[in-house]
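Trainee: Read off the chains here:
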Amino acid sequence: MVAPTIRVQREDFDGAAESALITSGRKDIGALTSFIGLCRDEQGRLDALELEHYPGMAETELMRIGTMAIERFNLLALTVIHRFGKIAAGEQIVLVIAASSHRQAAFDGANFVMDFLKTAAPFWKKEHGLDGTKGQWVAARDADDAARTRWIKE
Amino acid sequence: MVKLIYFAWVREKIGKDEEELDLPATVKTGADLIAHLTTLGEDYAAALEFPNAIRIAINMEHAEHDELIAGAREIGLFPPMTGG
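Protein sequences, first through last, are from chains R and U.
Here the first sequence stands for residues 1 to 154, where the numbers follow the UniProt record's numbering.
Here the second sequence stands for residues 1 to 84, where the numbers follow the UniProt record's numbering.
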């Protein structure tokens with residue numbers, strides 16, 4: 001069983017380089033799905049997001065979620081990188097790369113990780129407005145809970 | 001003594017990142033802890049006004065409100081998560 005690569009960091013990441021790290025030197029991978037979550041400007045209203053996290057628990061939760069995904073979808077590799085700190089509109093927040101023999105597992109694995117990450121990984125977003133306002137914490141969405149719930153059953 | 005650690009608007013409303021507290025013996029579950037904290041002052045009461053909106057982690061693992069906290073070294077209290 002492979003172990004997920006998990007990183008929680010302030011710095012930006014290079015998705016292409018992370019994919020290359022997974023595929024270089026091996027010939028068994030038939031599919032690789034890469035997901036990048038970016039900071040939207042919310043129709044020009046938002047200047048940046050402040051990402052707060054629970055150090056220690058954030059890594060542990062991502063490892064737990066990643067391990068579940070590897071087991072469930074027989075992934076050949078999985079990388080999850082989540083940033084914290086101030087992230088300007090247009091910048092990258094999160095990277096998930098899932099690799100497998102066939103495409104469905106790679107798509108599903110990345111999707112599964114994001115759905116669980118949204119509701120179980122201890123990160124919180126605070127908005128910084130373009131008008132200098134700082135304050136609003138982003139509210140959790142019921143849709144994210146529903147997205148996670150659809151994986152639980154079957 | 002147990003270390004309590006707060007995040008996001010729970011942290012802001014309480015006005016501190018973390019603290020060490022001696023809990024009365026009557027505080028047995030996460031729900032008991034939230035109820036106890038609301039008696040410590042207005043800031044706590046405001047932060048924890050809606051207990052259902054508060055998530056609890058015991059020793060960095062998600063826990064239900066009815067879970068026992070005996071022996072916990074660190075308890076995190078925070079709003080629903082919004083990462084990703």
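Simulated from the structure, these hints should not be mistaken for laboratory data.
Predicted model, so just to flag it, every value in this text is computed and none were measured.
Mixed in with the good hints there might be a few duds.
With a straight-line cut-off of 16 Å between C-alpha atoms, the simulated EDC-like cross-links for lysine to aspartate or glutamate are [claimed, not checked]:
| hint | chain 1 | residue 1 | chain 2 | residue 2 |
| --- | --- | --- | --- | --- |
| 1 | R | K86 | R | E52 |
| 2 | R | K125 | U | E18 |
| 3 | U | K16 | R | D12 |
| 4 | R | K125 | R | D14 |
| 5 | R | K126 | U | E12 |
| 6 | U | K16 | U | D32 |
| 7 | R | K86 | R | E127 |
| 8 | R | K126 | R | D28 |
| 9 | R | K134 | R | D12 |
| 10 | R | K134 | R | E18 |
| 11 | R | K134 | U | E12 |
| 12 | R | K86 | R | D12 |
Trainee: Please go over all the hints and tell whether each is borne out by the structure.
Mentor: Status of the hints after comparison with the structure:
1. R:K86 with R:E52: 9 Å, holds
2. R:K125 with U:E18: Between K125 of chain R and E18 of chain U the Cα gap is close to 19 Å, so the pair fails against 16 Å, i.e. violated.
3. U:K16 with R:D12: 29 Å, violated
4. R:K125 with R:D14: 22 Å, violated
5. R:K126 with U:E12: With a Cα-Cα distance of about 12 Å, the restraint between K126 of chain R and E12 of chain U holds, given a limit of 16 Å.
6. U:K16 with U:D32: 20 Å, violated
7. R:K86 with R:E127: 10 Å, holds
8. R:K126 with R:D28: Violated, because 42 Å separates the two Cα atoms, which is more than 16 Å.
9. R:K134 with R:D12: Violated - the C-alpha atoms of D12 of chain R and K134 of chain R are around 23 Å apart, more than 16 Å.
10. R:K134 with R:E18: Violated, because 33 Å separates the two Cα atoms, which is more than 16 Å.
11. R:K134 with U:E12: Holds, at roughly 13 Å.
12. R:K86 with R:D12: 11 Å, holds
When the structure is compared with the earlier hints, violations turn up for hints 2, 3, 4, 6, 8, 9 and 10 and for no others.
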